[in-house]
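2 protein chains.
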Amino acid sequence: MNSATHGSFLESAQATLGERGLTRDAELMEPWLTDWRGRYHGNAIALASPANTAEVAALVALCARHRVPIVPQGGNSGMSGGATPDASGTALLLSLRRMDSFRRWDEDAREVVCEAGVILQTLHDAAAQRALRFPLTLGGRGSATIGGLISTNAGGTQVLRHGTMRAQVLGLEAVLPDGSVLDTLAALKKDNRGFDLKQLLIGSEGTLGIVTAATLSLEPQITGRQVVFAGVESVQQAWCLLLLARDRMGAALEGFEIIPRLALESVLHHEPASRDPLSDRHHWYVLIELVTHDPDTAPLAEQTTALLETALGKGLVEDATIAANETQAEALWALRDGISSAERAHGPAVQHDISVPPARMPDFIDQASAALEDRFEGTRAVAFGHLGDGNVHFHLRAPTGATGGEWEEREGKAISAAVHDLVTQWGGSISAEHGIGQMKRDELARLADPARLTILRGVKQALDPLGIMNPGKLVPLASSPQAA
Amino acid sequence: MNSATHGSFLESAQATLGERGLTRDAELMEPWLTDWRGRYHGNAIALASPANTAEVAALVALCARHRVPIVPQGGNSGMSGGATPDASGTALLLSLRRMDSFRRWDEDAREVVCEAGVILQTLHDAAAQRALRFPLTLGGRGSATIGGLISTNAGGTQVLRHGTMRAQVLGLEAVLPDGSVLDTLAALKKDNRGFDLKQLLIGSEGTLGIVTAATLSLEPQITGRQVVFAGVESVQQAWCLLLLARDRMGAALEGFEIIPRLALESVLHHEPASRDPLSDRHHWYVLIELVTHDPDTAPLAEQTTALLETALGKGLVEDATIAANETQAEALWALRDGISSAERAHGPAVQHDISVPPARMPDFIDQASAALEDRFEGTRAVAFGHLGDGNVHFHLRAPTGATGGEWEEREGKAISAAVHDLVTQWGGSISAEHGIGQMKRDELARLADPARLTILRGVKQALDPLGIMNPGKLVPLASSPQAA
Chain A
1 MNSATHGSFL
11 ESAQATLGER
21 GLTRDAELME
31 PWLTDWRGRY
41 HGNAIALASP
51 ANTAEVAALV
61 ALCARHRVPI
71 VPQGGNSGMS
81 GGATPDASGT
91 ALLLSLRRMD
101 SFRRWDEDAR
111 EVVCEAGVIL
121 QTLHDAAAQR
131 ALRFPLTLGG
141 RGSATIGGLI
151 STNAGGTQVL
161 RHGTMRAQVL
171 GLEAVLPDGS
181 VLDTLAALKK
191 DNRGFDLKQL
201 LIGSEGTLGI
211 VTAATLSLEP
221 QITGRQVVFA
231 GVESVQQAWC
241 LLLLARDRMG
251 AALEGFEIIP
261 RLALESVLHH
271 EPASRDPLSD
281 RHHWYVLIEL
291 VTHDPDTAPL
301 AEQTTALLET
311 ALGKGLVEDA
321 TIAANETQAE
331 ALWALRDGIS
341 SAERAHGPAV
351 QHDISVPPAR
361 MPDFIDQASA
371 ALEDRFEGTR
381 AVAFGHLGDG
391 NVHFHLRAPT
401 GATGGEWEER
411 EGKAISAAVH
421 DLVTQWGGSI
431 SAEHGIGQMK
441 RDELARLADP
451 ARLTILRGVK
461 QALDPLGIMN
471 PGKLVPLASS
481 PQAA
Chain B
1 MNSATHGSFL
11 ESAQATLGER
21 GLTRDAELME
31 PWLTDWRGRY
41 HGNAIALASP
51 ANTAEVAALV
61 ALCARHRVPI
71 VPQGGNSGMS
81 GGATPDASGT
91 ALLLSLRRMD
101 SFRRWDEDAR
111 EVVCEAGVIL
121 QTLHDAAAQR
131 ALRFPLTLGG
141 RGSATIGGLI
151 STNAGGTQVL
161 RHGTMRAQVL
171 GLEAVLPDGS
181 VLDTLAALKK
191 DNRGFDLKQL
201 LIGSEGTLGI
211 VTAATLSLEP
221 QITGRQVVFA
231 GVESVQQAWC
241 LLLLARDRMG
251 AALEGFEIIP
261 RLALESVLHH
271 EPASRDPLSD
281 RHHWYVLIEL
291 VTHDPDTAPL
301 AEQTTALLET
311 ALGKGLVEDA
321 TIAANETQAE
331 ALWALRDGIS
341 SAERAHGPAV
351 QHDISVPPAR
361 MPDFIDQASA
371 ALEDRFEGTR
381 AVAFGHLGDG
391 NVHFHLRAPT
401 GATGGEWEER
411 EGKAISAAVH
421 DLVTQWGGSI
431 SAEHGIGQMK
441 RDELARLADP
451 ARLTILRGVK
461 QALDPLGIMN
471 PGKLVPLASS
481 PQAA
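Going line by line, the protein sequences match chains A and B.
The first sequence begins at 1 in the UniProt record's numbering and counts up one residue at a time.
The second sequence begins at 1 in the UniProt record's numbering and counts up one residue at a time.
Rather than coming from a laboratory, the hints here were simulated on the basis of the structure.
Treat the hints with care, since some could be wrong.
Which copy is meant is left open, so a pair is good if it fits within one copy or across any two.
Stated by the list, open to error - Lysine to any residue pairs mimicking SDA-like chemistry, simulated, CA-CA at most 25 Å apart: (1) Lys314 <-> Asp294; (2) Lys413 <-> Ser340; (3) Lys314 <-> Ala131; (4) Lys413 <-> Gly401; (5) Lys314 <-> His6; (6) Lys413 <-> Gln351; (7) Lys314 <-> Ala109.
Keep in mind the model is a prediction, meaning the values are calculated, not measured.
Given the sequences, and given the hints that come with them, work out the whole structure.
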């Protein structure tokens, strides 16, 4: 685009979006041109903030006419650089944050239609006011938007029971790359008019269209919960405990997280207010969340105690404590939620968000940790997180004394490649919940089944023939050298 | 294809599949060239029955080379002609029935990997032997295959609790139109490598690829059930009862079906052994299934009684009976399951499988029935089925004295168009669970949102550029006159 058409595009965009809807002010744009972890930096010709779906549609049509690439952005809290434009400055950054209305609540049907810019925490609060609950939650809930959560198929700590974002979306509205609007907001439980268009858009990271609104399913509010913190000898024992808890507790089991001793020590060291809930040391810990909707919460408490008694009797658990109240429950969860920042504070590490078939995870952690520590001398593996989903955050800590930036620069790529190779050999995914973005695109090209790449590329090319939708993210192009 | 390449294709196919794998015998082919309801008839150059995925892959690659269209077929029990070839005789009929092995059971993970040709009833029985349960069930379970159920995203009577086939598939294996094999059988609970490829294939009716195997999720066996048959004044009352049952019974609620008096009378007349479970007449009936996994089944029985007492107290229910044993439970279900054949026996009718947002279904049934009976003089609307899913089978009975074939020929198209127009106005789907096939393709072209058609066509063209995968089914081509 030469500067004349450039100017003409900006003029038209300004006319479409009005005064508040478009800015080129460097100061206003700056916070949104870098991802929140500071790993990716980009430029943009402007920051667009449309107020409604019609404006998004008009803007996308305009971009298509002028061949202006679009980078959609929600809360800018993604983990893979998916919402950061490239350095060229040719792309338009399209923020959905102004579209933050709830369009319709249906308490009977337990549904809400909300716009893409609604922040997750806002949805949680608004649902709670209606005695309802949106069960998906994660660390970034104060900034993550519904549109971003859908586009990246976000996960979190309650996936075990409720599934990822895919399972919460009953319908959606999206602007396609030609500026047309796909509207499936009327939530049908059964619709067999071909393959599922909303599932095609969920997790597509803005490469096939822009999610502008969604119909989400809600749950009744819980009346109480039991939070258990247990010491176990191994991940194998944790897995057996998970199966026992599933069989005994059924739908009451909402969360099942594992924490290695190393990570717990980081948190205890990093958070002065925290304390070890158990008197002895254990190799591994599990955090279990059990919930009830029954006004009488006593049965859940009894069943939880019985579960632990059985687990102790079977030798699955070495020691355990049950939170006596909400304060204690929060303190136990703080140990889990504090791992990421405690590990960052502890020192440099290369991080991975990976999954394997859940039943294989105990062996994977053992064998992959040993293989990687062996190959990269002085490193320590720290795997923690969502055992019940077959998804852990797999960190490889730098050797003692290594300097962060320098060590990561030198070793990071080889370590990640080794982790991803192992995951692929075990039938797993190099991205369990954080998406591909720009961070893992080349690894996807290197490791994915050719049939998968063929479909990704084919669908991308079919729906976005101009290649204007979040270019360079997720889909490795056939012509990119990595894919050769 | 001229006869020389024709012969060369058949020779190569025979060599690929061996003696048992290919036949041109008219008598052997005949039963598979007509759909089970006898509505669609076709021809084929041969019937292929590959023994394994490698043979399917080699055959599809061969078809691609020779541009031979492929019509995949499972149990040939579909409702929309999706597995019947056209009359030209140029297509290869590809049966998956020989691929009927269970590849792997994992009782701990509650998963089974089974091939496309496994019959649903066989899966039910094999799961039961392992104290497990595959919850999806439907009338055609004695012939429907897993591959067909996946390709058409089958539903049935337990969708309310367990979802359609989409929700049961943890992974799948499929042969793509170029003969490559997509293998996602290793079941990952979390995988964010872009959009969900298995959801793209599920419900695509063989137009994007051929499902050869799948990893399916299983449930623990139930220990007991309560089956309720209740008379209610209106569908509105039935809907309120459904919400009450959902709030009170939670995950125990597995089925909630509605039956109008007219349909019950058909069944009572057509099945001499059946009897009306209630002493008085009611405008509408509901059949409720509640299940438990608890070894002690008494609590479910108590909760069911309490539910009905509340419903009677609130005036939601006029009268009700609870099956005292399995024989009675089966007898109640037979009243529901007998509707289709009883209605066929009663006389000519035009049938539709439609959905609207569940909460709107009571009003839809009332208003659509009145509008259609008014417009098509002498007809009677009979809507029955899955109220909880927002999906009913909507029949319009012919006026008394009308002659089946002749009346349907004259009025059928106009009636169906009117029903589909109404459904579309109400934000619903012209195919809730039976798929599009060849039966509804032109109606889809007429009524679908242009954005939906753009995606369907774009993805079809991208993945099957030669157009050899089940041509003429599901996807209305842009060039077809109906789509103009």
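Results for each hint:
Taking the shortest Cα distances, lysine 314 and aspartate 294 sit within 25 Å of each other only across copies (22 Å), while inside one copy they are farther apart (29 Å). When the C-alpha separation of lysine 413 and serine 340 is checked against a cutoff of 25 Å, the pair qualifies only within one copy, where the shortest distance is 20 Å, while the shortest distance between copies is 62 Å. Within a single copy, lysine 314 and alanine 131 get their C-alpha atoms only as close as 39 Å, which misses the 25 Å cut-off; across copies the closest is 22 Å, which meets it. In the homo-oligomer, the alpha carbons of lysine 413 and glycine 401 lie at most 25 Å apart inside one protomer (20 Å), although the nearest pairing across protomers, at 79 Å, exceeds that limit.
Neither within a single protomer nor between protomers do lysine 314 and histidine 6 lie at most 25 Å apart by alpha-carbon distance, with minima of 70 Å and 67 Å respectively. In this assembly of identical chains, the alpha carbons of lysine 413 and glutamine 351 lie at most 25 Å apart only when taken from the same copy (11 Å versus 60 Å across copies). For the homomeric pair lysine 314 and alanine 109, the shortest alpha-carbon distance between copies (20 Å) is at most 25 Å, but the shortest distance inside one copy (43 Å) is not.
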